[in-house]
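Engineer: Chain by chain, the residues run as shown.
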Amino acid sequence: MSKEENVEVSEVYLFDNPENAFVEAELWDAITEKNLADWEADWIPHLFKLLKSLKQKGVVRKLWPQSRHWHWSDKVKDIEGKLSNQCFSIVCDSSTQAMLITDLARRSQLDVQKHSHLVYVDFIEVAPWNRKELIGHSPKYSGAGSILIRAAIELSKQEGFRGRLGLHSLPQANDFYENKVGMTDLGLDKNYQNLRYFEMTPEQADEFVMKGEDS
Amino acid sequence: MAKKTMTLNLTDAEMRVLDTLSEQKQMSKTLLLRQALRLYQRVEERLEAGGKLFIEDESTKEKSEIMML
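These protein sequence lines are chains F and C, in that order.
Under this note's numbering, the first residue of the first sequence is numbered 1, with each subsequent residue one higher.
Under this note's numbering, the first residue of the second sequence is numbered 1001, with each subsequent residue one higher.
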């Protein structure tokens, strides 16, 4: 299935670990039927296989990937036609490698930028074969998550929000957002499933973008 | 994403508000109006779904309902 019309495509690079080289990929400013078909036909079977393997190894359920119940088709359907939600996806080797849904109708909670508009990262997930913590060895492609965070920062700048981002992190991703992305941890949010809330200032956004492809 | 251009007719008072908000938010008038449209759509959807819109006082936690026409 080809991608739909009106999808803007940008060239990005992922790191192909088995080949030990950067490879060309596409950043789409949408989640299309093709992406959802990839999720259903490729991501889900792969994820189930990995879950089965975790179960066989005796890994307790609380250590299984916390995004395993995310139903991307439903999520995309829920935001159809909504101006405040912007989606992105990354395609490489004809396959969807990561997806992101943002929300532009949220406000900042961090004191230095309180009540300012920001891009809220609603859902972000990379394909199961790109998740080192899940597969237990080097992933097929690295860098997809960082590329999507940079896309969210760019969107924030385009919309006049100066790179400000906010998100609630699943516990398994706390370290990524705090240490790799460099966001500020505002602690557990009792109003949002007790997940940690992180925010990024314009300065932190610039710093993360400057770090470049190795982030 | 492709964009379309439109002419907007505003009164002086409306233009002053747009100028003020644009300066306060450090956003261009176009970006500000696009954000306003998103928020308007979001509020309408919530109201149509049977929701109510409140403003809560941060210190007293007192809620006041906003009437949406």
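A couple of the hints might just be wrong.
To be verified - Between beta-carbon pairs, the in silico distance windows are:
#, chain 1, residue 1, chain 2, residue 2, range
1, F, Glu19, C, Asp1019, 19 to 27 Å
2, F, Glu40, C, Lys1003, 29 to 37 Å
3, C, Leu1047, F, Gly58, 47 to 55 Å
4, C, Gly1050, F, Ile135, 39 to 47 Å
5, F, Ile44, C, Lys1052, 51 to 59 Å
6, F, His69, C, Val1043, 36 to 44 Å
7, C, Leu1018, F, Tyr192, 30 to 38 Å
8, C, Lys1029, F, Tyr192, 27 to 35 Å
9, C, Val1043, F, Pro45, 35 to 43 Å
10, F, Val23, C, Asp1019, 42 to 50 Å
11, C, Gly1051, F, Phe22, 28 to 36 Å
12, C, Gln1026, F, Leu63, 39 to 47 Å
What the hints contain is simulated information worked out from the structure, not anything from laboratory work.
Please read all numbers here as calculations on a predicted model, not as lab measurements.
All C-beta atoms, glycine included, are put in the ideal place defined by N, C-alpha and C.
Engineer: Indicate, hint by hint, whether the structure satisfies it.
Structural biologist: Each hint tested on the structure:
1. F:Glu19 - C:Asp1019: 19 to 27 Å: violated (55 Å)
2. F:Glu40 - C:Lys1003: 29 to 37 Å: Roughly 32 Å apart at Cβ, these two residues keep to the hinted range, so it holds.
3. C:Leu1047 - F:Gly58: 47 to 55 Å: With Cβ atoms ~50 Å apart, the hint holds.
4. C:Gly1050 - F:Ile135: 39 to 47 Å: holds (44 Å)
5. F:Ile44 - C:Lys1052: 51 to 59 Å: violated (38 Å)
6. F:His69 - C:Val1043: 36 to 44 Å: violated (29 Å)
7. C:Leu1018 - F:Tyr192: 30 to 38 Å: Taking Cβ atoms as reference, C:Leu1018 and F:Tyr192 lie about 33 Å apart, which means the hint holds.
8. C:Lys1029 - F:Tyr192: 27 to 35 Å: holds (33 Å)
9. C:Val1043 - F:Pro45: 35 to 43 Å: Cβ of C:Val1043 to Cβ of F:Pro45: about 40 Å, so the range 35 to 43 Å holds.
10. F:Val23 - C:Asp1019: 42 to 50 Å: holds (48 Å)
11. C:Gly1051 - F:Phe22: 28 to 36 Å: At 47 Å between Cβs, range violated.
12. C:Gln1026 - F:Leu63: 39 to 47 Å: This hint holds: roughly 44 Å between Cβ atoms.
Going through the hint list in order, the structure does not satisfy hints 1, 5, 6, 11.
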